[in-house]
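There are 8 protein chains.
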Amino acid sequence: MDIKILQQLLQQVQTGELPVSEALERLRTLPFENLGFAMVDHHRELRQGFPEVIFAGGKSLEQIRAILMALRSRTDHILVTRLDSDKAETLLAEFSEAVYHPVSRAMTLSRKEIADRGRGLILVITAGTSDIPVAEEALITARIMGNRVEALYDVGVAGLHRLLAHHELFRRATCFIVVAGMDGALPSVVGGLVDKPVIAVPTSVGYGASFGGLAALLTMLNSCATGVAVVNIDNGFGAGCLAALINRV
Amino acid sequence: MDIKILQQLLQQVQTGELPVSEALERLRTLPFENLGFAMVDHHRELRQGFPEVIFAGGKSLEQIRAILMALRSRTDHILVTRLDSDKAETLLAEFSEAVYHPVSRAMTLSRKEIADRGRGLILVITAGTSDIPVAEEALITARIMGNRVEALYDVGVAGLHRLLAHHELFRRATCFIVVAGMDGALPSVVGGLVDKPVIAVPTSVGYGASFGGLAALLTMLNSCATGVAVVNIDNGFGAGCLAALINRV
Amino acid sequence: MDIKILQQLLQQVQTGELPVSEALERLRTLPFENLGFAMVDHHRELRQGFPEVIFAGGKSLEQIRAILMALRSRTDHILVTRLDSDKAETLLAEFSEAVYHPVSRAMTLSRKEIADRGRGLILVITAGTSDIPVAEEALITARIMGNRVEALYDVGVAGLHRLLAHHELFRRATCFIVVAGMDGALPSVVGGLVDKPVIAVPTSVGYGASFGGLAALLTMLNSCATGVAVVNIDNGFGAGCLAALINRV
Amino acid sequence: MDIKILQQLLQQVQTGELPVSEALERLRTLPFENLGFAMVDHHRELRQGFPEVIFAGGKSLEQIRAILMALRSRTDHILVTRLDSDKAETLLAEFSEAVYHPVSRAMTLSRKEIADRGRGLILVITAGTSDIPVAEEALITARIMGNRVEALYDVGVAGLHRLLAHHELFRRATCFIVVAGMDGALPSVVGGLVDKPVIAVPTSVGYGASFGGLAALLTMLNSCATGVAVVNIDNGFGAGCLAALINRV
Amino acid sequence: MDIKILQQLLQQVQTGELPVSEALERLRTLPFENLGFAMVDHHRELRQGFPEVIFAGGKSLEQIRAILMALRSRTDHILVTRLDSDKAETLLAEFSEAVYHPVSRAMTLSRKEIADRGRGLILVITAGTSDIPVAEEALITARIMGNRVEALYDVGVAGLHRLLAHHELFRRATCFIVVAGMDGALPSVVGGLVDKPVIAVPTSVGYGASFGGLAALLTMLNSCATGVAVVNIDNGFGAGCLAALINRV
Amino acid sequence: MDIKILQQLLQQVQTGELPVSEALERLRTLPFENLGFAMVDHHRELRQGFPEVIFAGGKSLEQIRAILMALRSRTDHILVTRLDSDKAETLLAEFSEAVYHPVSRAMTLSRKEIADRGRGLILVITAGTSDIPVAEEALITARIMGNRVEALYDVGVAGLHRLLAHHELFRRATCFIVVAGMDGALPSVVGGLVDKPVIAVPTSVGYGASFGGLAALLTMLNSCATGVAVVNIDNGFGAGCLAALINRV
Amino acid sequence: MDIKILQQLLQQVQTGELPVSEALERLRTLPFENLGFAMVDHHRELRQGFPEVIFAGGKSLEQIRAILMALRSRTDHILVTRLDSDKAETLLAEFSEAVYHPVSRAMTLSRKEIADRGRGLILVITAGTSDIPVAEEALITARIMGNRVEALYDVGVAGLHRLLAHHELFRRATCFIVVAGMDGALPSVVGGLVDKPVIAVPTSVGYGASFGGLAALLTMLNSCATGVAVVNIDNGFGAGCLAALINRV
Amino acid sequence: MDIKILQQLLQQVQTGELPVSEALERLRTLPFENLGFAMVDHHRELRQGFPEVIFAGGKSLEQIRAILMALRSRTDHILVTRLDSDKAETLLAEFSEAVYHPVSRAMTLSRKEIADRGRGLILVITAGTSDIPVAEEALITARIMGNRVEALYDVGVAGLHRLLAHHELFRRATCFIVVAGMDGALPSVVGGLVDKPVIAVPTSVGYGASFGGLAALLTMLNSCATGVAVVNIDNGFGAGCLAALINRV
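Chains as they are written, first to last, in this note's numbering: chain A, 1 to 249; chain B, 1 to 249; chain C, 1 to 249; chain D, 1 to 249; chain E, 1 to 249; chain F, 1 to 249; chain G, 1 to 249; chain H, 1 to 249.
None of these hints come from the bench; they were simulated from the model. Every residue gets a Cβ at the ideal spot worked out from N, C-alpha and C, and that includes glycine. Among these hints, one or two may not hold up.
[To be verified] Label-pair restraints from in silico Cβ distances: (1) ALA165/D / ASP84/G: 49 to 55 Å; (2) ARG119/G / GLY120/F: 53 to 59 Å; (3) ARG65/G / LEU169/F: 49 to 55 Å; (4) PRO102/D / VAL103/E: 37 to 43 Å; (5) ARG65/F / GLU89/B: 42 to 48 Å; (6) ARG119/G / GLU94/E: 52 to 58 Å; (7) GLY58/D / GLY120/H: 57 to 63 Å; (8) ARG171/D / ARG74/C: 19 to 25 Å.
Based on the provided sequences and hints, a complete structural model is requested.
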């Protein structure tokens, strides 16, 4: 169900074409339908500015396909995250508009151009090269939600001059996504350099006392810089969504 | 050091009144001065849109007073957080422009009106009454940074109808700060209802397996709703700052 | 050993047919027998209202088969949990009354109809589709223990309207099993809507700071709603048993 | 707001005395009122079978008094938990119907007899004497909710014969609350002896590796006995509520 | 190096056959020799009453074989723990005196009868069948160290009557090894029934909040019964050793 | 109830003086009596070789006094642990046989000489001076249970020569209690030097990453030395009990 | 016992003035003496380059005084750490050479000038002003061990320009001690700027998810910069010692 | 970029051959170049005394090869860590100067002799044979950075005499790397024996309550010996680097 369809419905109510009771009924019954195993929520675009996203982790190929089918007819843009390459291959053959992004393991299905809906630039930064898959998930998410996004990778705090060399780029961005594993110190440094919102994404990159990203997570939560908030470990998608909401006109 | 002073300086460089080398020197030396125990960073307004904030926790009355003295002559608005009431009493007698907010244990010192610099409304929500001190810290922080802020307290998920009754207020806000201890479930619910950024603040309210706010923190990091990011436990100040940055024009 | 056999025995004691000493001896020696590796407890039906359940996790096919053999001759209903599909296949060929439930990896063996022994309806609810396997284990457990059970899946708090749409169904149930991973917030919301016992089941669904279900577990333990108790992570079986005990006449 | 008042209201709607729109309005506006700091939820009796309970921990005397005032005029029974004795003393002087229970630090305010609304007996058991305060909170909660409750204290597993001596009492109960700190092993043993619901309450009693009740909590979550569910550490109130809901006719 | 060889050496010193300096030298140089990767400590039998034990976990077949070769010529009994079955197969072909115990994954190499060196009986008890591999490691360890050992498996606290049925056997033992995963409650119960040392062994058996045996470990450390001490999770070998030391004449 | 009284009772049964039914009745009713808040277990001496020990932590002076009264008339030796000095002072005035040990905060009440019931010497060792209170609790416990005990304090691994200087003393002991906080390394070293049982007691001595004794606890559980088992943090009493059981003839 | 005294002793052995046996005896007996509660280790200067340091935390005034008395006659420099100001006051009156440092709560007792024994400069850096007490403990420790030390406080990563302004000072140091709480990110940044050893000291400064310094500790252990090692939380003394050992000629 | 190239550049500035502005520009632009996925930092040799090290964990063969290509033309020595043997095989065929060290999974590429740049000997010690891979990583790292290194393996504290036998070797070293898993007690013992810096490396060797090296890590952080600092679990590379920095002239 598209925002335009809803607008039509409400205008019909305003002009008297549609009785309130019937409009109410349609709104109540339309938003989701039962696929047996999952309620697909068509209302979400309304509430969240974006159609249902499919978290493919732990779902079977059959489940993903069925949800895609249900969503496809009513929305222009779909995002599938955490999709294994073998499942992706099968779906690419079945859904012609599908594009698979192997680094981030994301698939996008767009039936028309993505319109630019953001106020400015979102900048995605990583501390190391191993953090790139998570960063790419954020980048793809923010792009399909209608934002201009640029990436700056491998500029961790242990080589501070690499980060500082891009100081100028920082001035142009309206929102930052900073992705880091291991010591997770990069968001603190970025947060101290800019006066824009910084979304910190800890990654599970590391070993030993990184405890699967816990060390980076705690570092970011304790950041001394102001304007920093944190999402779940490896949650590039969540960071991309939030950046899109912040960047909206 | 005010933004206007810096603008003057740069204009003088542009017009040739000030040689570049001297301008460089002034910029290098001005920003902070050594008080012996703490470097007060006058540059911060430049980089962060707000003067130095004093985290009073763990600082002696003498240290707080000295930093206040150093800051007062160069900035219009100062915020002191985590200030005990007994220290506050002494400072209120010494700094005539100081106002103390006992619930949040914050003190504000403003020498002129706070100009509205935000795009819209920031809504601060709490799950319970015990979360209010943290919420008030966020509210005061966002206000002194030039934002309109409203509060909606004690609307936790165990009595969902109380929250839903304010659904309309939700449409008016551009950014949400949701404060909750114990199960920390409220940001997930709010995040599912709105398509605006939600800053989740876990509090240390609770007992037993709340482990000083850890339970609420983990809940929020694992929120199924999109558009939610988390700050440190009890970090109302950080939430207020981030909301102000998001709400800026 | 069936409850009826025990009743007979006690009546024989009452009528004098059986000396107390011999009755005592038979009660002492009958209840379990040594299979070499596990003591099968035939007394359990007496004490727990249900025959021995076989937790197949970590047991070999041979062990499971031997326990099944020992139990089969004395009980009408057997439940095997956490049974891999390959082992299930072999057992299906050997035990004609066996039925395998692949989603929950449970096997049931019933030699007669399951009699309805419950007072009302047990409602099993999940937050997401990935929580369904655990929910199904609870559902199958409660059913084989003689209860009417209905399921309501994928109604997590991030899309609250989906849950509220089923408000009416809530009024009909006498006991709720609420299954959720990630933020684990659903039991708090359900607990706030109903005045019936709510059994919360955290699942290991999630990633990063969900720490294998720990986040959901802590959320549920800290629930602000009253009438909520928690079982172990992924313990659908335990939830089903407890619901059956609560629902008993 | 009493259930009877609501019944009257609905009957008036049925007989036509009250228009639907006005009934709707009254239901929407009555349930809570804004005291400035906390929304008192008068609807809760409706949804939860019991009036608002006041968790006094972290609330000032003024806040507790104000909530008591608001609740008192509309409900017959109020329960205040975690109330310090010095605050209790003041309130006892002001509220004539108040009774303070020092062991559990609970206060009850009843303006009429508590009617028995339960199906059977609730049995509260503790492992040690130090667990009694938590057990008493559960006992008082269940009693004010209209249940018959008996107590059996200091029968921990290290002296098993003490527990087994009361085997007969076990047969009479419909629901068990088992309270234990340190190793938290008692609910497993009780759960193995009975075929009734067991609500396990870990306490923070212990030292060293008990980690404030965490050890007992984990033990109970991992109980091998069926029919056991767990509430938060020291949460006697929650256990009492759940037992009352289970024991309801 | 056997105790007897050392006795001979010391007697030679006593009788003057061997100068002190030379004896000192031999003692200093004999006890270990460098295999390049590991120092085999032949002195251990002296200090610990038993030859070097090989912990095969993380060692290659080549390393295990080399250590076996070095030890074999000087000791009568060798124990290899945590040995995978495929490595065992190869070693069985090469070392004729080797015996492999698949349940516990232990291998024993004895070149003469094991003499009984203990004061009494060691009783090894498990809560469930899945705990048997750890129990068997303890049993084999204690046996090769010269003790009489009996086993009592699958008598967990959830079916207390099974345990109590063997009360008599308890009187005969001088030392108990109690092995349990999940809630780890069994050692508390056994410790309360007997007045002999109880060595508690937590196992990693369980799921969810058992956290790899942590729950059982904490339960055992917090045992209310006296006379209970704990070894590492799954450390059957350590329990067997300690029992042997306790049981020594 | 003393062991001798029980022996008399059984001999009377043997000689026919006492019918079995009456003996049974006396055994069933004698062992504990209800003080209202705690069941005092007089049977324990029977099962555990020592009368009830009173853990005074968390008990009021009134509770301790009442238990002492109940125990005093039937047992010769009582041990009170974790008793604050102010409570001790009051009790010393009331119980003439009481002796208070301020370092360990233990009180002993003996009405006759303590008979030596042990096989050999128990050696209590500490790593630092701050570990002494815990060590003294172990020492006093073992002594009142009829054992010879010696102490060797402040011989931590960071000054290894201090430990090794007492090597000879090690040969004389039959059982070791090794008490250490901070890194908890001492039991590993002692365990490697001796072939006797070593009971390791972690203490909460330390700061920072000692996490209240957790670091020492984990070190000891992971000890590479054989023959080491661990009791709870600061549990000197438990160590003393276990050592006494090990040392019994 | 001073190094010079030992040198004399060895020279006397070399020249034949002192028989080896007697020298051995003196070395064996001299190093420590029994004060009843603590073995004072005079050998430590030999092994560690510095006399016994007294960790006053958890020691009574009497214990500290007695150790000071024992040490004072044989050593020129004593360091007491974690000494409360009230105890310090008493000791200052009794030990004329004592100096108390209130910020770090350290006391130093030097009977002669401290000779410079280091190769270069040790630089102590803190992230915030609240980290200064720990930094001062490190500074005082390194100074009394004969090193030149400078301090640079309050230069955390959130205001990176403050740190970078002191880049030149960095070139002069041979070893860095970097002290930080909260996010603990500073050592990573310093480690990336210099090619000298960096000793990272996490502090317990912070709140919420800093978990008493755990967050900073994990950050530092996961530092991406090379040349960084970590000591315990708040362990300024340990950092100062290690820096002194690194800086030694 | 080699140090010599930089020296040339600066000399050209000194002699006037190169204008300052151009020199500045070259320094600003030269240090790193964008490979698309990773910024290779040629400046590091300057700042850290050693070229970029490639952490191969989580990098694809293509990524490793590309970085090697970029580095190879400008540096004489490259170290690759955590390189799987199958990737190593391919790279060995392509890079003729490459040497693979299978135990430590490190690869070194040196185009000229490694010059000795250290002051003395670095001694690498392990507690067990399973710790050797981590120790070898440290050894290889320190060697390629120009240091003399010796190894002493399998001398854990449970067999103290093995360690003490090498006491003499200890006197010769200027810096120690002590590698231990399980109880992690060895660095405390070594730290007590020497007066040189000790770098402690916890390893993930162990099981059960070793929690992947956490136990050893905590032990080392709490070491009672002075002069000990800790690096991340299994971080042999970090220990080798730090030792090299400490050992530099």
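Take the C-beta atom of PRO102/D and the C-beta atom of VAL103/E, compute their distance, and say whether it sits inside 37 to 43 Å. violated, 56 Å
Taking 57 to 63 Å as the stated bounds, is the beta-carbon spacing between GLY58/D and GLY120/H within them? With a Cβ separation near 60 Å, GLY58/D and GLY120/H satisfy 57 to 63 Å, so the hint holds.
Cβ separation of ARG65/G and LEU169/F, checked against the hinted range 49 to 55 Å: violated, 29 Å
Evaluate the given range 49 to 55 Å for the C-beta pair formed by ALA165/D and ASP84/G. holds, 52 Å
Can the suggested window of 52 to 58 Å be confirmed for the beta-carbon pair ARG119/G and GLU94/E? Distance hint for ARG119/G, GLU94/E holds at roughly 56 Å.
Just tell me: holds or violated, for the beta carbon distance of ARG65/F and GLU89/B against 42 to 48 Å? For ARG65/F and GLU89/B the Cβ distance comes to about 46 Å; the hint holds.
Assuming the hint says 53 to 59 Å, is it satisfied by the Cβ distance from ARG119/G to GLY120/F or not? Once the Cβ atoms are compared, 54 Å apart, the range 53 to 59 Å for GLY120/F and ARG119/G holds.
Please test the hint of 19 to 25 Å on the beta carbon pair from ARG171/D and ARG74/C. holds, 24 Å
The structure fails to meet hints 3, 4 from the earlier list, while all remaining hints are met.
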